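Participant: Chain B: place on chain A using the hints.
Top line first, the protein sequences correspond to chains A and B. With numbering that gives the first Met the number 0 applied, the first sequence corresponds to residues 0 to 623, in that order. With numbering that gives the first Met the number 0 applied, the second sequence corresponds to residues 0 to 623, in that order.
Note that these hints are calculated values from the structure, not bench results. Just so you know, these numbers come straight off a predicted model, no measurement behind them. Among the hints, erroneous ones may be present.
[Claimed, not checked] Beyond 12 Å from chain A on every Cβ pair, some chain B residues (computed):
no.: 1; residue: Ile203
no.: 2; residue: Val211
no.: 3; residue: Ser331
no.: 4; residue: Lys409
no.: 5; residue: Tyr491
no.: 6; residue: Ala503
no.: 7; residue: Tyr521
no.: 8; residue: Asn587
[Unchecked claim] Derived CB-CB ranges, DEER-like:
no.: 9; chain 1: B; residue 1: Gln113; chain 2: A; residue 2: His558; range: 50 to 56 Å
no.: 10; chain 1: A; residue 1: Thr557; chain 2: B; residue 2: Arg579; range: 35 to 41 Å
no.: 11; chain 1: A; residue 1: Asn500; chain 2: B; residue 2: Gly581; range: 27 to 33 Å
no.: 12; chain 1: B; residue 1: Val93; chain 2: A; residue 2: Lys560; range: 38 to 44 Å
no.: 13; chain 1: A; residue 1: Glu237; chain 2: B; residue 2: Pro555; range: 58 to 64 Å
no.: 14; chain 1: B; residue 1: Val93; chain 2: A; residue 2: Val312; range: 38 to 44 Å
no.: 15; chain 1: A; residue 1: Asp285; chain 2: B; residue 2: Met468; range: 37 to 43 Å
no.: 16; chain 1: A; residue 1: Arg273; chain 2: B; residue 2: Gln502; range: 37 to 43 Å
no.: 17; chain 1: A; residue 1: Arg579; chain 2: B; residue 2: Ala503; range: 27 to 33 Å
no.: 18; chain 1: B; residue 1: Met468; chain 2: A; residue 2: Lys436; range: 51 to 57 Å
[What the hints assert, rightly or not] Footprint (simulated), chain B over chain A, 3 or more residues, beta carbon under 8 Å:
no.: 19; stretch: 173 to 180
no.: 20; stretch: 568 to 581
In this text, a Cβ means the ideal position worked out from N, Cα and C, and glycines have one as well.
There are 2 protein chains.
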Amino acid sequence: MSEPPQIKVSISLHQDTLYELETAIEHAAKSNYNSITIPLAHRRFEREFVQEPLKTGHNRFTRSDLLLSSTQWLNRVICRLSCGVDCDSEDDNVRKQGESTLRQELSYAEHLVQNGYILLRLKSGNCANLARVTTVGLKGVLLVEVPMVNPKVAQANWRSDADYECGADDTWNWWNNFRSYADFDTHVKVALEFTADIPEKREIYRWLGEPVDAVVLSSNIFLTNANNYAVLSKAHQELLVLFYRTFGCHFIVKANPDDKRLVHYADYIKYILRSNYKKDPMQGYDDLLEIPLQPLYDNLDSFTYEVFEKDPVKYILYQNAIEEALRDRVPSSEIQTRTSIIMVVGGGRGPLVRAALNAASKSKRMVKIYVVEKNPNAIVTLSALINELWKDKNIELISTDMREFEPPEKADILVSELLGSFGDNELSPECLDGAQKHLKPDGVSIPCKSTSYLNPCMAPKIYSQIRSMEKSLHAKDRIVTSRYMEGTYVAYLKNAYHIDNPQAVFEFVHPNLDPIIDNSRYKTLRFKAQLDCVMHGFCGYFDSVLYKDITISIHPFTHTKGLASWFSMFFPLTEPVQVRAGEEIVVNFWRCVASHKVWYEWNITAPRQSHIHNVQGRAQPIWK
Amino acid sequence: MSEPPQIKVSISLHQDTLYELETAIEHAAKSNYNSITIPLAHRRFEREFVQEPLKTGHNRFTRSDLLLSSTQWLNRVICRLSCGVDCDSEDDNVRKQGESTLRQELSYAEHLVQNGYILLRLKSGNCANLARVTTVGLKGVLLVEVPMVNPKVAQANWRSDADYECGADDTWNWWNNFRSYADFDTHVKVALEFTADIPEKREIYRWLGEPVDAVVLSSNIFLTNANNYAVLSKAHQELLVLFYRTFGCHFIVKANPDDKRLVHYADYIKYILRSNYKKDPMQGYDDLLEIPLQPLYDNLDSFTYEVFEKDPVKYILYQNAIEEALRDRVPSSEIQTRTSIIMVVGGGRGPLVRAALNAASKSKRMVKIYVVEKNPNAIVTLSALINELWKDKNIELISTDMREFEPPEKADILVSELLGSFGDNELSPECLDGAQKHLKPDGVSIPCKSTSYLNPCMAPKIYSQIRSMEKSLHAKDRIVTSRYMEGTYVAYLKNAYHIDNPQAVFEFVHPNLDPIIDNSRYKTLRFKAQLDCVMHGFCGYFDSVLYKDITISIHPFTHTKGLASWFSMFFPLTEPVQVRAGEEIVVNFWRCVASHKVWYEWNITAPRQSHIHNVQGRAQPIWK
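Chain A extracted, bound-state conformation:
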């Protein structure tokens, strides 16, 4: 067995009370903790704001900043706000006391840690004022601590006098209220406390859609095994690994500072994570937004070609598809006499030509290849390849747009790779409709069919990224425009919750034998939410039949193994839509076609009516 990789795991030791700051940091460090999580206010100092102006009381509620250097404050300490206050109390005095306490603490916490972490424990979903007081003008990260399962629910199992509202018992709703009131502020993240009880799988998946930044583990969820070691249950171990894989989150361990097993907890967590570590080949791309390519309108650059040519799977599948098509079209008896005409439309820097040559060689079929490419920069590469590497091959290079190409003969096989993350979004239908006239009546197109898929999803991280693209003269203004909120994006969506399974949207078949070709489409899809959640938009995928049973797919249920060329598509909604468990989600999707552009429009008609997004392609036209 190979040595577990030295991945970086950051663990903070949570202290209920604190006597001596430097000693505590030293003690935690010796026990293999990177930092300590401490109450910001010192217990000894009671505060009374109503009777006493802040000025005189200010220096007395906590310790001095001079105890540590700025770097130590930032890296070694997570400040925790008082949780004994109630900003949402119906009693005005209690509420005002809470507001003043938290404002004072927040101000001091930001003084100490600048852009660092501040921890706030959430105790209910009645938190509008709390959200207002604690999130205004945040500079650092407000870690909102939420238990995975409401302690009252556990209680309710054996107590009948417990009073909690239905729905309000779900701690996700606490968090959802808080961050909705805070307008999905990117500075607000989750510190999710693992509880002894583990919720249903779908509830865990919903948490995976949230911006979880830390996992909180209490020493009391550790079990003692036969060897007297503290261990986590199998289920808790799996959770730990799952959250670390999704978020690369850090950990906060709640334990008594005198607990003899302090070192063990830290080492055990690291051990579990390291021994279950799997490198994600797409690491680094997580939830990063990209604008979909428009290879038809823009000429791709060398860097982009190179990235796509590196796909370990795609061109092998193309090669297999061409090989099978060649075998089907030319019986063994004719391999010496019959030459198949292959047209590669959109040759790029030659990967499909290479696939076609390999297919010909493997199937021992004779081929003549026409390579059509409109990008003059790619033509340079193709010419060089043909003149040097492929000079003994029967290849003709044509520098033109495939829609205007006038070949001297008709093709047996038309090969193209104009597929985008949503199938038709790089305009393969429009291109292939133009090129298919050069196909023999029995000729085949590779790919011969592509289908797009959609599902509604909760993706606050993506949503916040899009929102933050809005430029504003005044940083405090809230700006939402169609320019960003109605665009479409490509992203490796990791931190997202899929509200329902994908459904097919549009289908395109090549060659298209309809008497009048119309590539506009309109489809209504109906989904259902299993849990309360927030819908931020729709994830899009595609699959494509290259030839017979050879397909490529980024549909999550049928994803081609190793295929790396496409991330999912994301279609945002202008404003997040709060959805209740059991509610139906009805979405309309249009593919619109005009003389010089193609675009998608979308809106929802349930659970509530939305305006139509990307009207006339105002945010994102795809130029023909």
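Facilitator: Here is chain B on its own, set in the frame of chain A:
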């Protein structure tokens, strides 16, 4: 009885089919109709888009524009789009045929009438594609014809095989879907068809909140009275008057062109409207948005002073209040010996001084008046009044801010008029807290208490106005910013539906005897929707006790008769909230106070969570 006023009523004659355009216009004019409403497409010309390109069929589907002049097209004709098509059919061919038909007609209609009217009849709430096709890039007004009561509902009373969804039977939902999909486009308005059945009152009130531009009357809702005249039922007459008063709408009469009573219908409608006409003294202000004044921060100008001084009621009530206070403070036995000190804080151009002088004279009490005014321009007027008109009165003019004023003696009565539409929004609490130190221990403040009120409301017209304030480089962009959507406005709200009754929000008492004065406030209010509706924001009002039982109020249930100085306040929500009948609406309202400004924040927590509006007063601070 006086002659009914010659109000302008515009009536169009709706023609099912049309043979000769000019004749028809002439015939209608002779029957006292201003215009005719005609099908845009000519029945003789069947259209088939799928088989035939538009170019060749284009000139054949309707009549030529040369038949009339542009002005005639605009003023004499309302074009009606085909209603035999179905843009939301599940059958792709039917849908595409519908799209092409309507696009062609719309294009031609806009060619004919430019910014004029185009009529479209709505037949169901399944209209996402219809809304998309007919509202994109609208230049004119799209009149969406909707029956007040669904004909199927009437049918269902005696047929059991009628199939319609529950909820979908409400034609308001058809309209609401349509305009929600069309993003509350200001170009889209309602042509409401009065049906024989009249819905419940609250449903009628909901329609009064919508942008109704025309009322459609079919000849078959006319009854024949004993004298063989066609008349409307009393209920229909009342509806007619109500809608005309609210909207000044025009009318479309559906009748057979050969109907002998054509002239009578037109004359009858005009007769009903004229004989029930009541001039609204506020006419011209309807639903116009104004930014609330900040008289503390900005110096009011002469025009504004003049407008407010014209209020026929306000200063009489002030005078009465001062008079009663004088009588209470100085018994008859002391009227020769005791002089009451009145301080008018915020003297403006003197109306309160005048009220105080009148009160003194009427009560025969002696007064000394200090007039405090910070606006140097108003000081000019006040000096002139004191030196000329009031030179024998005991009046001292002090040119300063009332919060800094240091008077030589303490006052019996402190009179001010710093009230805004939401009571405290012109900072009366802050001002009076500063001035009240000059009051004798038993002195009184006029006003002595003010209370603000709120209720949720549907006000698409106001909402659209606010939305259209957003400036955009590209007219097609959808832009929503806090700058406008989180501001507060003052408006004479006529075209609005009040979702629930107002409730009290904040209360301020003067003088404020709290040991520590805190003018920040936080209140949570709970409302309930009786009908499906859309919430665009909250209407705000106030009432104020001047002295004892003398009050001024703009609360709709207790509105002081004739009081004209204040319109309602409007607090918008960033995005309209679709509300279902029976749903609870929970809103939080904050009054926030900082060293140099005061502002309101608000959000809703039910039926769904909204972000907090006007955070830190980003859209609308009220400067101290």
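Participant: A cut-off of 12 Å on Cβ-Cβ distance, and Lys409 of chain B was said to be off the interface with chain A. Does that hold?
Facilitator: holds (27 Å)
Participant: Test the statement that Tyr521 of chain B is away from the interface with chain A: the closest C-beta pair must be farther apart than 12 Å.
Facilitator: Violated, because the least Cβ-Cβ distance between Tyr521 of chain B and chain A comes to about 6 Å, which does not exceed 12 Å.
Participant: Lying within 37 to 43 Å: is that true of the beta-carbon distance Arg273 of chain A to Gln502 of chain B?
Facilitator: violated (59 Å)
Participant: Just checking, Tyr491 of chain B versus chain A, shortest CB gap more than 12 Å?
Facilitator: At roughly 28 Å from the nearest Cβ of chain A, Tyr491 of chain B sits farther out than 12 Å, so the non-interface label holds.
Participant: Do the Cβ positions of Gln113 of chain B and His558 of chain A conform to the proposed distance bound of 50 to 56 Å?
Facilitator: holds (53 Å)
Participant: Does Ile203 of chain B sit more than 12 Å from chain A, CB to CB?
Facilitator: holds (23 Å)
Participant: Between the beta carbons of Val93 of chain B and Lys560 of chain A, is the distance compatible with 38 to 44 Å?
Facilitator: holds (43 Å)
Participant: Should the label of Ser331 of chain B as a non-interface residue stand, given a Cβ cut-off of 12 Å to chain A?
Facilitator: holds (44 Å)
Participant: Would you check whether the claim that Val211 of chain B is not at the interface survives, using Cβ distances to chain A and the 12 Å cut-off?
Facilitator: Check passes; 20 Å lies beyond 12 Å.
Participant: Against the range 35 to 41 Å, how does the distance between the Cβ atoms of Thr557 of chain A and Arg579 of chain B compare: consistent or not?
Facilitator: holds (39 Å)
Participant: Taking 27 to 33 Å as the hint, is the beta-carbon distance of Asn500 of chain A and Gly581 of chain B inside that range?
Facilitator: holds (32 Å)
Participant: For Asn587 of chain B, which was marked as not at the interface, is the minimum beta-carbon distance to chain A over 12 Å?
Facilitator: violated (5 Å)
Comparing the model with each numbered hint stated earlier shows that hints 7, 8, 16 do not hold.
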